[in-house]
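The primary structure of each chain is shown beneath.
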Amino acid sequence: MTDVAADTAEGRSRGADPRVRVPYALFVPAAIGVVFLILPIVGLLIRTPWHHLPSLISSPDVRTALRLSLETATAATAIAIVVGVPIAWVLARLDFRGRSLLRALITLPLVLPPVAGGIALLLAYGRRGVVGSEILKVFGVSLPFTTAAVVVAETFVAMPFLIVSVEGSLRGVDVRYDHAAATLGASRLFTFVHVTLPMLGPGIAAGAVLCWARALGEFGATITFAGSYPGTTQTMPLQVYLALQNNPDAAIALSLVLLVVSVAILAGLRDRWLRT
Amino acid sequence: MPGSAEVAASLDAHIVVDRERWRLDAKLHVPGGSVLALLGPNGAGKSTALRVIAGLLPASAGFVRVGARTWEDRTSGVRLATEQRSLGVVFQDYLLFPTMSARDNVAFGLRAKGLEKTAARDIADGWLARVDLMEQASQRPAQLSGGQAQRVALARALATTPQVLLLDEPLAALDAGTRMSVRGDLRRHLGEFGGATVLVTHDPLDALILADQVAVIEGGVVVQTGTPQEITRNPKTRYVAQLVGLNLFAGRSDGTSIRLPNGAELVTAEAHYGEVFVVARPSSISVHRDVPHGSPRNVWAGNIATVEQHGDLVRLFVNGPPDVAVDVTTAAMAELQLGVDERVWLSVKATDLTVYDES
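Just so you know, the protein sequences line up as chains A and B, in that order.
Residue numbers for the first sequence follow the working numbering, beginning at 4 and rising by one.
Residue numbers for the second sequence follow the working numbering, beginning at 266 and rising by one.
By construction, these hints were calculated from the structure, which means they are not laboratory data.
Check the hints yourself; a few may be wrong.
Said to hold, decoys possible - Here are some chain B residues the structure puts well away from chain A; computed CB gaps all over 10 angstroms:
#: 1; residue: Arg288
#: 2; residue: Ala377
#: 3; residue: Glu573
Stated by the list, open to error - Some chain A residues judged to face chain B by a derived CB distance under 10 angstroms, without partners named:
#: 4; residue: His55
#: 5; residue: Pro57
#: 6; residue: Ala184
#: 7; residue: Thr186
#: 8; residue: Gly188
#: 9; residue: Ala189
#: 10; residue: Ser190
#: 11; residue: Arg191
#: 12; residue: Phe193
#: 13; residue: Val198
#: 14; residue: Pro201
To be verified - Residues of chain A clear of chain B, computed beta-carbon distances all greater than 12 angstroms:
#: 15; residue: Val23
#: 16; residue: Ile35
#: 17; residue: Thr67
#: 18; residue: Thr77
#: 19; residue: Val134
#: 20; residue: Lys140
#: 21; residue: Thr150
#: 22; residue: Gly171
#: 23; residue: His182
#: 24; residue: Ala183
#: 25; residue: Ala185
#: 26; residue: Ser231
We put the CB at the ideal spot given by N, CA and C, even for glycine.
So here's chain B without its partners, still in its complex pose:
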């Protein structure tokens, strides 16, 4: 097993891929032990960037470095083959080998590196236990559910203790219900991984929940980089604002009541304990002129800081605490006569808040 210093190597890359009518040009820096999410719409070039890091596609220019080692450098002509890179990849459709059991899928990388069969299987069993799939160890991929297959793919990618972990839309193939629980599990496993992780996703929630840093890619170019909080609070372009149109809070939950660092409190429908993330969609927050009555459990007052027009919708940023983005229709805007510096009341139903355990 490699030493911890080697595992904690950081990934530095400048990835340029030229196509006939399209160009990807992205600079990435991922410290060891952290997760970078490449967030953007389909066709933005995110998966292309992953393929370059994995060595499955040559870069047109630029470099890929991991720790002190150069994986690829177009200037000097260095280019390691994929199998020589210390990698783990979770593919969008997992690509589990259909002829092998879950155990042999996980053991494959170790076997390929020359480990003997029984030793490789023992290590694979350890990984299957970590992703809670010991009972499915001898099943073929076709017999696994989507969520189970995803966990086998993750275990397979991590079993060789790679320096870099690449995840290509790891949750896209799952249905909405499974996605939520698998996302929580994935977050825990990424937290335990010591290497550099690059996650590609078109789902802002994946990026905000799973990543330490988010790089938003649009048309082959990184338009903004920052922590999930920075990106959601201060989207630099209209595109980013629309893409990450989410309110994300970190707090401490004590049952159905979550206390945020600024003293504000949110009430949720389901009970959670410990450090959590809370997500509220801007469209789920209501704006009122007076104190609202009725069912909403979360009510607070704030001042409108900014007003942005996005087509039929108007996005308000309201200073609380908590500070939130709110989407209202232009009709409601006119009816309520809302403007900058106006004092308004906000409300959101407990059932409209989605909570994720932080660890």
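Bound-form chain A, shown alone:
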């Protein structure tokens, strides 16, 4: 699929399509918008304290926060894949009453303000939450303000990105491949693992990268549900925000690190998302 898209994109010649009548007045707001979007990035690069940079980003605090961010975002993505791919399969392949409602509920975190998500997580899994209080009673463990809570908050916010991406890919996979596998004696699970999953590979990869990027940048739900304890719950975005108050140079340096990670993600996704 990706190959075909790439071929057609390369086969098309660059330049103005002679059939397009250009409304030149649109160029003005478009140009203003482009400057608006790019200027902050330029500002960040201009004001970055380049000569302190190595010492700023190699301080133990930063390294701890960066490692915590990478680990929790990766764990959240792994959970999202294990749980989200089956959800996507159900949404794409099964026709049942309430499917639209289920899809709306599952993708709600996409539009829900993350702070509200954090509050909701506290009410469900907090010490006095609907489920959390029972867990505390039975197992004696409490989820909020732990590293695990960071992963839970990130998964809650980021998983819908993966589900939406994988569901779209699944709709592009001909269901008759399942039939072909059945005629060859394959059970349903064998078919899913050996036929469907490999065909979903690119969709899962793209969804996982989006999910991971969203988890890495998570702020609102994390600080609400997990707090901001250095070493256990203080991820990069939280550290950037706190650093801004007493060490602006450190905040800028940390933002630059996040920018570099984001650019790397875009570069990795360019074949799938940046070609039109």
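Mind docking chain B on chain A? Use the hints.
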């Protein structure tokens, strides 16, 4: 590997599918080792019948039995899932798994049945060798030509040594040139297959060349069943006559000369050796009042047995040998003053005869 007795099981089915404005009702009997072609126009219900046999579509009534085993019986409520049926299917567009190599496609059924990877791949390689595709074993389906993909699909369907092989328009996706050679190969492989084969096609040539028995389906009903020779010589309905408007001869070729069992001889353009089929379209045969002169290599005399009007065309059945169906225009009919029992001369060019190796 299953014993030969099990492999040679016959397929018996009564397939009824009710739709809102349409009904399929077909009885099929396919002895082990033989090929039944379901021939009919698109929308006649042929593919629906295949889907029922494969268990991909429940029958509204009837049964599917293979040997002593019941795959489906609407009366008793028995219904095996597709993966529990000993099947191989070649789909019209093959449905090769795009993420797997040709080898892994062929090995898939064996892997699904629990065979270990290397063992399954060894068997798959054997099948790829049989369809002459060893060099393409590690290629993905997208890299294969249409004819190669068709052979991989056939190897994949046969690799699990199923009791029943189903072919859904196996040649429809190929261009005319490839179709001819692939058809010959397919005939050879079907000859080696010990189970029951059901072939669905809208192309009479596929049915006549590949099948031992032909069932013509029209509007969801089997209108005629018989060997290819019976169907072409004695079409029971006008529809069948039009559909299988072909002259089919079996004979022995010795280069470009083919001797038919009744002593007649046909000359062809290309050299073939051994047992062959010869196909001549009724429209390619010319009718003359006197001995024709000129280029045609095949000339013989015969008596007109029957005359049938089909729109602008008139179909004559002429007793030779060889006996043939001939299509002439109504204008030619009047001009030549043709009628039953008239003696006429027939001619056909060597290049208008299509020859298929029988094995």
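Hints, one by one, checked against the model:
1. Arg288: 23 angstroms, holds
2. Ala377: Non-interface label on Ala377(B) violated, nearest chain A Cβ at 4 angstroms vs cutoff 10 angstroms.
3. Glu573: It holds; Glu573(B) is separated from chain A by about 42 angstroms at its closest Cβ, greater than 10 angstroms.
4. His55: 49 angstroms, violated
5. Pro57: 44 angstroms, violated
6. Ala184: 7 angstroms, holds
7. Thr186: With Cβ-Cβ at 4 angstroms, under 10 angstroms, it holds.
8. Gly188: This hint holds: Gly188(A) lies near chain B, its Cβ roughly 5 angstroms from the closest one there, short of 10 angstroms.
9. Ala189: Holds: closest Cβ of chain B sits about 4 angstroms from Ala189(A), inside 10 angstroms.
10. Ser190: 6 angstroms, holds
11. Arg191: 8 angstroms, holds
12. Phe193: Since chain B brings a Cβ to about 5 angstroms from Phe193(A), closer than 10 angstroms, the hint holds.
13. Val198: 6 angstroms, holds
14. Pro201: 4 angstroms, holds
15. Val23: Non-interface label on Val23(A) holds, nearest chain B Cβ at 34 angstroms vs cutoff 12 angstroms.
16. Ile35: 45 angstroms, holds
17. Thr67: 41 angstroms, holds
18. Thr77: 25 angstroms, holds
19. Val134: The claim holds: Val134(A) sits with its nearest Cβ about 38 angstroms from chain B, beyond 12 angstroms.
20. Lys140: 45 angstroms, holds
21. Thr150: 37 angstroms, holds
22. Gly171: Its Cβ never comes within 12 angstroms of chain B, the nearest being 18 angstroms, so this holds.
23. His182: The assertion about His182(A) is violated, with a minimum of 5 angstroms to chain B.
24. Ala183: For Ala183(A), whose nearest Cβ neighbour in chain B is about 4 angstroms away, the distance does not exceed 12 angstroms, so it is violated.
25. Ala185: Incorrect as stated: the minimum Cβ-Cβ distance to chain B is 4 angstroms, not above 12 angstroms.
26. Ser231: For Ser231(A), whose nearest Cβ neighbour in chain B is about 44 angstroms away, the distance exceeds 12 angstroms, so it holds.
In summary, the structure is inconsistent with hints 2, 4, 5, 23, 24 and 25 from the numbered list given earlier, while agreeing with the others.
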